[in-house]
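> Sequence:
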Amino acid sequence: MKKLFLFAILFLLTIPGVAQKKPFTIEDLYHLKTVNDPRISPDGSKITFTVTSYFLHKGKHNTEIYLMNADGSQIHQMTNNPAADYAPRWSPDGKSILFISTRKNGAQLWLLPVFGGEPKQLTHISTEISNPVWSSDGRKIMFETRVFPECGAVDSCNKKIDESMKEGPIQAHMA
Numbered sequence: 002m003k004k005l006f007l008f009a010i011l012f013l014l015t016i017p018g019v020a021q022k023k024p025f026t027i028e029d030l031y032h033l034k035t036v037n038d039p040r041i042s043p044d045g046s047k048i049t050f051t052v053t054s055y056f057l058h059k060g061k062h063n064t065e066i067y068l069m070n071a072d073g074s075q076i077h078q079m080t081n082n083p084a085a086d087y088a089p090r091w092s093p094d095g096k097s098i099l100f101i102s103t104r105k106n107g108a109q110l111w112l113l114p115v116f117g118g119e120p121k122q123l124t125h126i127s128t129e130i131s132n133p134v135w136s137s138d139g140r141k142i143m144f145e146t147r148v149f150p151e152c153g154a155v156d157s158c159n160k161k162i163d164e165s166m167k168e169g170p171i172q173a174h175m176a
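With my numbering as the guide, the letters of the sequence shown map in order to residues 2 to 176.
It cannot be assumed that every hint is accurate.
Just the calculated beta-carbon pair ranges, DEER-fashion [to be verified]:
1) Gln-78 / Glu-151: 37 to 45 angstroms
2) Pro-170 / Gly-107: 21 to 29 angstroms
3) Asp-72 / Met-166: 42 to 50 angstroms
4) Val-36 / Lys-121: 20 to 28 angstroms
5) Glu-145 / Thr-26: 21 to 29 angstroms
6) Pro-170 / Asp-72: 23 to 31 angstroms
7) His-58 / Ser-136: 37 to 45 angstroms
8) Pro-150 / Leu-112: 28 to 36 angstroms
9) Leu-112 / Asp-29: 35 to 43 angstroms
10) Lys-167 / Thr-35: 25 to 33 angstroms
11) Pro-83 / Ser-131: 30 to 38 angstroms
It is worth saying that the hints were derived from the structure and are not from the lab. Ideal Cβ positions, reconstructed from N, Cα and C, are used throughout, including at glycine.
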């Protein structure tokens, strides 16, 4: 019994030295990168995904698009710029990736050839874009945007109302 008690005391004395670790802080969260939105290519051989990096000292974050083989090999960064590139969507033929970028004039649709080439801007809509979807034949792209009932599809009218809302008396910012 004395040996068991002595062993227990020695064991308990060693725990504080081993278990002392730095607590996880808010700053540590900003050093993490998040991986989101994995999409498998039509032939199943490749996967696109996004990686978001956080910059606490600037109060900003950035998202880029990556490509890898379905077995996890050959990870390649497809986009690299200060703007956010996200929501990658494979074309039905697997030759292009449709994505949203904030490079120019807010969130717009861009098209990037998978096997080399520069991205091409597809839309110029003032109220920005979200949730793009290819048609099954690859001839059409659907997406969401803010449209005000009194404007319909008239972009200049939607832009005017959208800007007036941004300059209105109710504003909020969340960090």
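> Each hint needs a verdict: does it hold in this structure or not?
How the hints compare with the structure:
1. Gln-78 / Glu-151: 37 to 45 angstroms: Given range 37 to 45 angstroms: holds, Cβ gap about 43 angstroms.
2. Pro-170 / Gly-107: 21 to 29 angstroms: Given range 21 to 29 angstroms: holds, Cβ gap about 22 angstroms.
3. Asp-72 / Met-166: 42 to 50 angstroms: holds, 47 angstroms
4. Val-36 / Lys-121: 20 to 28 angstroms: For Lys-121 against Val-36, whose Cβ atoms are near 26 angstroms apart, the range 20 to 28 angstroms holds.
5. Glu-145 / Thr-26: 21 to 29 angstroms: violated, 37 angstroms
6. Pro-170 / Asp-72: 23 to 31 angstroms: The hint (23 to 31 angstroms, Cβ to Cβ) is violated, given that Pro-170 and Asp-72 are roughly 55 angstroms apart.
7. His-58 / Ser-136: 37 to 45 angstroms: Holds - the Cβ-Cβ distance for His-58 and Ser-136, about 43 angstroms, lies within 37 to 45 angstroms.
8. Pro-150 / Leu-112: 28 to 36 angstroms: holds, 30 angstroms
9. Leu-112 / Asp-29: 35 to 43 angstroms: holds, 37 angstroms
10. Lys-167 / Thr-35: 25 to 33 angstroms: Holds, since Lys-167 and Thr-35 (Cβ atoms, about 27 angstroms apart) stay within the stated range.
11. Pro-83 / Ser-131: 30 to 38 angstroms: For Ser-131 against Pro-83, whose Cβ atoms are near 20 angstroms apart, the range 30 to 38 angstroms is violated.
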